[in-house]
Amino acid sequence: MDCGTCETTGPMVVVQPDEIQVELTMSDKATEMLQQAFGDDRSHALLVGVLSGGCSGYMYDLQIVETTDTACQELTINGFRVLVPSASSHLLNGIEIDYVDRMMGGGFKINNPNASSSCGCGESFA
Amino acid sequence: MGVFTFDASVLLLQGDDLLPFLDGLTTNKVDGPCTTVFTNLHAKIIDVCEVIPFNDQVVLVGFEASKSNLIEHLRVRFLGRNITLQDVSHLNQVYLSNKIVNAPEGSLHHTSFFGKMVICSTAKPVEVTWSENDFTEYRIQELLPFYGHEISSDVHPLACGLGALVHPQKGCYIGQEILTRMRSRNKMGKQLLRVENPVDDALTVGKTQSLVIRRV
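Going down the list, the sequences are from chains A and B. Quick note: the first sequence uses our numbering, first residue 3, plus one each step. Quick note: the second sequence uses our numbering, first residue -8, plus one each step.
Treat the hints with caution; some may be incorrect.
Stated by the list, open to error - Facing chain B, according to a computed beta carbon distance under 7 Å, are these residues of chain A, among others: (1) M3; (2) S54; (3) G55; (4) G59; (5) G108; (6) A128.
Said to hold, decoys possible - Label pairs and their calculated CB-CB ranges: (7) A:G96 x B:I91: 51 to 61 Å; (8) A:Q23 x B:E63: 24 to 34 Å; (9) A:E68 x B:D22: 40 to 50 Å; (10) B:T102 x A:A39: 42 to 52 Å; (11) B:E187 x A:G108: 39 to 49 Å; (12) A:P19 x B:P95: 38 to 48 Å; (13) B:L184 x A:I22: 34 to 44 Å.
Hint data in this document are derived by calculation from the structure and do not stem from the laboratory. Fair warning: this is a prediction, and the values are worked out from it, not measured in the lab. Yeah, the Cβ is synthetic: ideal placement off N, Cα and C, and Gly gets one too.
Go ahead and model the full structure; you've got the sequences and the hints to work with.
Here it is, written out as structure tokens:
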């Protein structure tokens, strides 16, 4: 096979969507739960990312991190550091981070105005 | 031994965690060489691809006619990942056979759902011994769907004989909820069938038999 490692072909240019200055909100319940998780420690941040995959094509990825190698926008929401990867900004602008208090299927939830559909578990969206 | 060639796309992916990336987007378990199906939200086929790890890259062999849709499907999901994509279709020719092909040095061999596959540089072609009709008769006997016939963007994999490429335990890929629901409720809708000629709704027409997709 010819893998094209010569001058005959180069990598295709992958056009990334323009970075958007993200605005997001956090519900009172989510703020309360983050307060429980972080306490008074503000050295860590909540990373709100998107991964490809899931039943609907994209999956939310919430992590508590100290730092990240990913290029991110840093926001301060209700006193908490929130990191949003620049490459996913077009998918996350306008989201609300909520917390649903249920025995099953509870936890942090993302309400996303950019999502045309989402899967039953709420972790995946399109 | 018959050797057949077809209009294939050959894409090279380079980057980190390529197999998990592809695993999250396709119906089959992608943890090594395999054939798998990219589906959309409605579980309809975008492309049927061979995944072939090659050095530190992954070769994706699909059908040329669906290449642009596949590339667009992949592009919007890179999301800042360090992945590069090269289209090397014009540099390579893809062959299928029912036996291992005696191919020039440097060719890439792969066992596909469709048969023994070999990917060769266009500069070192392999002799084609099967005509379109020969391959058609082989497909009908093997109940083997193919692009441009049974495989199209109008059908889901379970309807066109690609059920073996839909992993029964795997979760969370695009279109998975629909395919899993069909299986778990045993509502398979349409299926690929081999029927005796003459046939009005044939998608592949052979000398005495044809392939059709019908509700059963």
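Cross-check of the supplied hints:
{"no.": "1", "hint": "M3", "result": "holds (4 Å)"}
{"no.": "2", "hint": "S54", "result": "holds (3 Å)"}
{"no.": "3", "hint": "G55", "result": "holds (3 Å)"}
{"no.": "4", "hint": "G59", "result": "holds (5 Å)"}
{"no.": "5", "hint": "G108", "result": "violated (19 Å)"}
{"no.": "6", "hint": "A128", "result": "holds (6 Å)"}
{"no.": "7", "hint": "A:G96 x B:I91: 51 to 61 Å", "result": "holds (55 Å)"}
{"no.": "8", "hint": "A:Q23 x B:E63: 24 to 34 Å", "result": "holds (26 Å)"}
{"no.": "9", "hint": "A:E68 x B:D22: 40 to 50 Å", "result": "violated (31 Å)"}
{"no.": "10", "hint": "B:T102 x A:A39: 42 to 52 Å", "result": "holds (49 Å)"}
{"no.": "11", "hint": "B:E187 x A:G108: 39 to 49 Å", "result": "violated (57 Å)"}
{"no.": "12", "hint": "A:P19 x B:P95: 38 to 48 Å", "result": "holds (42 Å)"}
{"no.": "13", "hint": "B:L184 x A:I22: 34 to 44 Å", "result": "violated (50 Å)"}
Consistency note: the structure conflicts with the earlier hints numbered 5, 9, 11, 13.
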